[in-house]
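J.: The lines below spell out each chain.
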Amino acid sequence: MSTLAPERPATGPVRPRRRRPAGIGDRLTLRRAAPMIPAAVLLVLFMAGPIIYSLDLAFTDKAIRGDGASKTSFVGVSNFTDALTDGDFWNSVVLTILFTLISAVIGQNLLGLLLALLMERANRVISFAITSIVIAAWILPEVVAGYLLYTFFAEGGSLDGILGLVGIPPQTLLFSAPIVAVSFANVWRGTAFSMLVYSAALGAIPGDVQESAAMDGAGPMRRFTSITLPLLRPALATNLMLITLQTLSVFGLIFIMTGGGPDRKSQTLPLYMYEQAFSYGQLGYGTAVALLLLLIGAAASLVYLRLLPEEEKR
Amino acid sequence: MTSTAAADAASAPASPSAASAPGPATARPRRGHKGGKGPRERTAELASSLAMIVIGVAFLIPLLWVVLASFNESATLSVSWPEKWSLGNFRAIWNTETTFRPLGNSLLLCGGATIVTMVAAVLCAYPFSRYRFAAKRPLLLTVIFATGLPITAIMIPVYSLFVQVNLIDSMFGAILFLGASSLPYAIFLTKGFMDSVPVEIEESAWTEGAGVLRTLWSVVLPLMRSGLSVATIFTFVGMWGNFFVPFMLLLSPDHLPAAVTLYTFSSQYGQVAYGQLAAFSIFYSLPVVALYLIMGRSLGTGFAAAGGVKG
Chain A
1484 MSTLAPERPA
1494 TGPVRPRRRR
1504 PAGIGDRLTL
1514 RRAAPMIPAA
1524 VLLVLFMAGP
1534 IIYSLDLAFT
1544 DKAIRGDGAS
1554 KTSFVGVSNF
1564 TDALTDGDFW
1574 NSVVLTILFT
1584 LISAVIGQNL
1594 LGLLLALLME
1604 RANRVISFAI
1614 TSIVIAAWIL
1624 PEVVAGYLLY
1634 TFFAEGGSLD
1644 GILGLVGIPP
1654 QTLLFSAPIV
1664 AVSFANVWRG
1674 TAFSMLVYSA
1684 ALGAIPGDVQ
1694 ESAAMDGAGP
1704 MRRFTSITLP
1714 LLRPALATNL
1724 MLITLQTLSV
1734 FGLIFIMTGG
1744 GPDRKSQTLP
1754 LYMYEQAFSY
1764 GQLGYGTAVA
1774 LLLLLIGAAA
1784 SLVYLRLLPE
1794 EEKR
Chain B
5 MTSTAAADAA
15 SAPASPSAAS
25 APGPATARPR
35 RGHKGGKGPR
45 ERTAELASSL
55 AMIVIGVAFL
65 IPLLWVVLAS
75 FNESATLSVS
85 WPEKWSLGNF
95 RAIWNTETTF
105 RPLGNSLLLC
115 GGATIVTMVA
125 AVLCAYPFSR
135 YRFAAKRPLL
145 LTVIFATGLP
155 ITAIMIPVYS
165 LFVQVNLIDS
175 MFGAILFLGA
185 SSLPYAIFLT
195 KGFMDSVPVE
205 IEESAWTEGA
215 GVLRTLWSVV
225 LPLMRSGLSV
235 ATIFTFVGMW
245 GNFFVPFMLL
255 LSPDHLPAAV
265 TLYTFSSQYG
275 QVAYGQLAAF
285 SIFYSLPVVA
295 LYLIMGRSLG
305 TGFAAAGGVK
315 G
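Respectively, the protein sequence lines represent chains A and B. Quick note: the first sequence uses this note's numbering, first residue 1484, plus one each step. Quick note: the second sequence uses this note's numbering, first residue 5, plus one each step.
For the record, the hints were derived by calculation from the structure and aren't laboratory data. Note that the coordinates shown come from a computational prediction; the quantities given were computed from them, not determined experimentally. It is possible that some hints are incorrect.
Claimed, not checked - Stretches of chain B that chain A covers, calculated by requiring three or more beta carbons in the stretch to come under 8 Å of a beta carbon on chain A: (1) 76-82; (2) 117-131; (3) 179-187; (4) 227-233; (5) 236-245; (6) 282-295.
Claimed, not checked - SDA-like mimics (lysine to any residue), calculated; alpha carbons at most 25 Å apart, straight line: (7) 140(B) / 207(B); (8) 140(B) / 1528(A); (9) 1748(A) / 1554(A); (10) 1554(A) / 115(B); (11) 140(B) / 221(B); (12) 140(B) / 1509(A); (13) 140(B) / 203(B); (14) 88(B) / 1645(A).
No residue lacks a Cβ here, since even glycine has one placed at the ideal position from N, Cα and C.
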């Protein structure tokens, strides 16, 4: 857990400090706060600004062309009600949840945990080589990853080639089940992160606890469920929260691989939002969808916070 | 291709806050305690190694494609051994239009934004780390909350605002937004590293009458050099891979960074030249891989909050 929480030094108890002669550790004065101004200005203008503006924009009919373009007017909650009554919106919600479940909650999370556990036991050279490959998949730029996985799943791509070797006909997942293809792609890209998180958490579990349990006659399964898993709980919650938020907002990977298609079959909320705002020019409506996306993220975060043991909650 | 040092750090994670926890040095010998390995351990090692190899091969295939296809002038979508190895693909994209300008734009965009982010983050982290004030905790919590904010969700209002203030297609505007969007995470990391520099060292500087900036520049920053480079590399790498922000905020081909030109690659040539696409992907990925290798063992100190890196 310790490696997991760079936030700890930030919010943990302030180190006890002795009274010192000159300024340090004292109260912040206006003069001393001056260096914070550039960051404050940037954050207010470019982060807080757009967020506040989005709260306004989502209630207007602002558009790139058409009615809302020349004269923007307040339309109340109609953007939200439009979304909630639109079949394509719900299609995207279902696909987003599916994508997040398959690729983050199940795929990256379990595969990352499995790899972290295997790393501890496998031959060191093999473990080193394999983790290097998994990490390479993680550090490549999003667009490159998108193209690499496109070639893997495309008609005549590597997957079909491999399946052909064992006599299975081509699957063309990008057409038949694009959401599955992009989910696997996201697992490929994101597993390293979970692997690193879990490997750090496992490294922090004291070895002698495991040893004494083994001496008391606890088998590997028993040791895993009664010792490792409970100690991993904070890491589990943190990892799930981070990868869920990341996965909910994945845009480039899907955009490159399928563009949301065919026939909206891989159009998750970020792609739906993009289509509405730019293909149809409905900026107000797109912003409303973005706010609903944020709401889903917040709801997921609340669920994961409950997973955290009491002492980890702030 | 693979990041050896990064993996090294993965098996030996270390962090400022993990200093007190039993490190990997004590965790490692655990599996072989009491002398040599018994048959049980050996079976476990064999089974684990085999399982890792199976998973690793699945991860390797797309990576193999990019390497093999880049040397194959008649590359297809499938992984295949080039009949004739050639540098033709690299030669074909070795020009300003396709490669140098986009990579130069990426460097300008991400380099500029990294400077903006790091200067603002260091200046902001110092008072956070050194002084007491009532709003400290709420402000820090806001910063932490902002690190998790999906940038995807605010791109439409950002686009709309940029159109209104005429910053669309401006490199300057994109640099400022990209810089601001990675600021929360950078402040958060920098403050953590700064906290681990003992305050006592600054006292002598203070008693000699050095001001805040002077102390920060010549006392604190040199002492947190490695932490600072981790934060800088993370910031840069996150921006280098970012597609959505430049895709939305920059329009003219002269301004587009590699992340976006790679997307337009296929349409430029009609028929997709997969070998050239692979070669370009390699050029575009190299800086990031190199930076990870440089960061090496200190990767462990910063990876956990890599939320900003992935998007």
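J.: Taking the hints in turn, state whether each one holds.
T.: Going down the list of hints, with the structure as the test:
Given as covered by chain A, the segment 76-82 of chain B passes the check, having 3 residues with a CB less than 8 Å from a CB of that chain where 3 are the minimum. Using a Cβ-Cβ cut-off of 8 Å, 8 residues of the segment 117-131 of chain B lie near chain A, which meets the minimum of three, so the contact claim holds. Counting residues of the segment 179-187 of chain B whose CB lies closer than 8 Å to any CB of chain A gives 6, so the stated coverage by that chain holds, three being the minimum. Remark: the segment 227-233 of chain B is not confirmed as covered by chain A, as 0 of its residues place a Cβ nearer than 8 Å to a Cβ of that chain, below the required three.
With 3 residues bearing a CB less than 8 Å from a CB of chain A, the segment 236-245 of chain B meets the requirement of three and the coverage assertion stands. Beta-carbon proximity to chain A at under 8 Å applies to 5 residues in the segment 282-295 of chain B; the threshold of 3 is reached and the given coverage holds. For the hint pairing residue 140(B) with residue 207(B), the CA-to-CA distance comes to about 22 Å; that is within 25 Å, so the pair holds. For the suggested pair residue 140(B) and residue 1528(A), the alpha carbons sit about 21 Å apart, so the restraint of at most 25 Å is met.
Only pairs whose Cα atoms come within 25 Å are accepted, and residue 1748(A) paired with residue 1554(A) is rejected, the gap being roughly 35 Å. Of the supplied pair hints, the one linking residue 1554(A) and residue 115(B) is violated, its CA atoms being roughly 39 Å apart against a limit of 25 Å. Using a Cα cut-off of 25 Å, the hinted pair residue 140(B) and residue 221(B) holds, with the two alpha carbons roughly 23 Å apart. This hinted pair checks out: residue 140(B) and residue 1509(A) have alpha carbons roughly 13 Å apart, not beyond 25 Å.
Pair hint residue 140(B) plus residue 203(B) holds up; C-alpha atoms about 18 Å apart against a cutoff of 25 Å. Restraint check: the Cα-Cα separation between residue 88(B) and residue 1645(A) comes to about 22 Å, which is no more than 25 Å; the hinted pair holds.
The structure is inconsistent with the numbered hints 4, 9, 10, although it conforms to all the rest.
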